[in-house]
Amino acid sequence: MKIIVGTRGSNLALTQTKWVVSQLQNNYPNTEFEIKTITTTGDRIQNVSLDKIGEKGVFVKEIEEQLLSGEIDLAVHSMKDMPGELPEGLMFSWVPEREDYRDVIVLKGGYKSLKDLPKGAVIGTGSKRRQFQLSKYREDLKFDSIRGNIETRVRKIEDQNLHGVILAAAGLKRIGLYEKLRNRIEPIEARIILPSPAQGILAIEIREENTQIHKMIESINHSESFLQATAERSFLKGLNGNCHIPMGALCAIKGENIEIEGLLGNEDGSVLIKRKAYGPKEDAEKLGWELAKDILKEMKGYEG
1 MKIIVGTRGS NLALTQTKWV VSQLQNNYPN TEFEIKTITT TGDRIQNVSL DKIGEKGVFV
61 KEIEEQLLSG EIDLAVHSMK DMPGELPEGL MFSWVPERED YRDVIVLKGG YKSLKDLPKG
121 AVIGTGSKRR QFQLSKYRED LKFDSIRGNI ETRVRKIEDQ NLHGVILAAA GLKRIGLYEK
181 LRNRIEPIEA RIILPSPAQG ILAIEIREEN TQIHKMIESI NHSESFLQAT AERSFLKGLN
241 GNCHIPMGAL CAIKGENIEI EGLLGNEDGS VLIKRKAYGP KEDAEKLGWE LAKDILKEMK
301 GYEG
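So that you can map any letter, position 112 of the sequence shown is 112 in the numbering used here, and since no number is skipped, the others follow by simple counting.
Treat each hint with caution, since some may be false.
[Stated by the list, open to error] Mimicking EDC-like on lysine to aspartate or glutamate, the simulated pairs with C-alpha atoms at most 16 Å apart in a straight line are:
hint	residue 1	residue 2
1	K2	E85
2	K276	E290
3	K276	E303
4	K112	E186
5	K18	E34
6	K136	D43
7	K61	D43
8	K274	D294
9	K254	E282
10	K274	E290
11	K281	E298
[To be verified] Distance ranges between label pairs, derived from CB positions:
hint	residue 1	residue 2	range
12	T41	Q212	29 to 35 Å
13	L68	N161	42 to 48 Å
14	N161	T15	27 to 33 Å
15	D140	K180	48 to 54 Å
16	K108	E256	44 to 50 Å
17	Y302	P187	29 to 35 Å
18	E256	R182	23 to 29 Å
19	K297	W19	26 to 32 Å
These aren't lab readings, by the way, just hints derived from the structure by calculation. The beta-carbon is built from N, C-alpha and C at its ideal position, and this holds for glycine as well.
Input sequences plus hints: build the corresponding full structure.
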């Protein structure tokens with residue numbers, strides 16, 4: 001049996017895909033795996049901010065087309081890049097263990113923390129979610145929109161004379177940069193910046209009818225991460241979320257219950273609503289959806 005695995009061509013995407021393949025290869029040594037790199041719209045257009053070139057799907061559309069046509073058998077993505085709804089005929093399979101969900105700031109040499117930065121410091125990020133939440137923590141900060149892979153964004157600290165850039169801890173850890181930059185990195189707790197829904201979780205996407213591959217992927221499933229993905233993705237779908245509005249979600253497992261915190265802002269960041277929901281594990285999907293609807297209702301009050 002041969003399985004063709006589709007992925008974007010960045011260092012992070014290839015590292016994540018190779019890790020998934022290695023885990024499956026360990027469990028199914030007689031299966032042959034081939035990795036195929038696919039260039040997406042988001043990869044081709046690097047000089048325009050994400051909220052201007054389209055929805056979350058800019059990093060996945062071309063990969064999903066090859067999945068639907070049968071050119072590849074499964075695809076590995078960062079789940080935070082996935083739109084709320086998948087194309088008809090495709091589904092997420094099981095979920096490997098989540099990496100660190102937090103955002104971090106990579107600081108310019110000589111600075112030790114966010115608090116250490118001078119008044120009016122310039123931070124690089126292409127994310128409204130990160131920018132608007134950090135602005136609530138430190139109103140004096142200024143922001144510069146940046147795009148590119150992890151390595152490119154770190155280089156922009158020097159190239160664009162920034163005081164720091166905000167990135168996902170998970171990506172830095174997966175490609176081995178976190179340890180190299182440890183003395184310049186400060187993790188940002190969720191009370192300051194709530195992460196993107198399913199940040200740090202890998203999405204393994206397959207065709208719905210491919211039950212054999214789905215069964216194989218179950219061998220690397222992590223039940224808590226699967227539960228968190230379910231709740232946080234349900235919140236995203238409930239908001240009908242896209243790149244134009246800031247949103248975040250984080251699910252914590254507390255015994256037989258879960259607590260999910262959700263964030264929604266308007267396009268200019270003048271309104272940011274954060275709320276929590278709590279309930280039994282088995283209601284993860286329902287809790288995420290209902291929290292989204294409650295926050296949307298509250299947001300309409302500001303708009304009205």
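Hints, one by one, checked against the model:
As the CA atoms of K2 and E85 are separated by approximately 28 Å, the hinted pair breaks the 16 Å bound. For the hint linking K276 to E290, the alpha-carbon distance of about 10 Å falls within 16 Å, and the restraint holds. Proposed proximity of K276 and E303 is contradicted: the alpha carbons are some 21 Å apart, above 16 Å. The straight-line distance between the Cα atoms of K112 and E186 is roughly 8 Å, inside the 16 Å bound, and the hint therefore holds.
Between K18 and E34, the direct Cα distance comes to roughly 10 Å. Compliance with the 16 Å bound is thereby established for this hinted pair. Between the alpha carbons of K136 and D43 the distance comes to roughly 31 Å, so the proposed pair goes past 16 Å and is violated. Distance restraint check for K61 and D43: the Cα-Cα separation of roughly 11 Å lies within the 16 Å cut-off, and the hinted pair is therefore satisfied. Proximity of K274 to D294 is assessed by CA-CA distance (about 11 Å); at most 16 Å being required, the pair is judged to hold.
Between K254 and E282 the CA atoms are separated by roughly 13 Å; this keeps the pair inside 16 Å, and the hint holds. Between K274 and E290, the direct Cα distance comes to roughly 14 Å. Compliance with the 16 Å bound is thereby established for this hinted pair. At roughly 25 Å between alpha-carbon atoms, K281 and E298 are farther apart than 16 Å, so this suggested pair is violated. Remark: the range hint 29 to 35 Å for T41 to Q212 is upheld by a beta-carbon distance near 31 Å.
The supplied range of 42 to 48 Å is met by L68 and N161, whose beta-carbon atoms lie about 45 Å from each other. With their beta carbons about 29 Å apart, N161 and T15 fall inside the hinted range of 27 to 33 Å. The hinted range of 48 to 54 Å is not satisfied by D140 and K180, whose Cβ atoms lie roughly 30 Å apart. Taking 44 to 50 Å as the suggested C-beta distance range, the pair K108 and E256 conforms, at roughly 45 Å.
A hinted range of 29 to 35 Å holds for the C-beta pair Y302 and P187, which are about 31 Å apart. A beta carbon spacing of about 36 Å between E256 and R182 contradicts the range 23 to 29 Å that was offered as a hint. Between K297 and W19 the beta carbon distance is about 40 Å. The supplied range of 26 to 32 Å is therefore violated.
Violated hints, listed in ascending order, are 1, 3, 6, 11, 15, 18, 19; each of the other numbered hints is respected by the structure.
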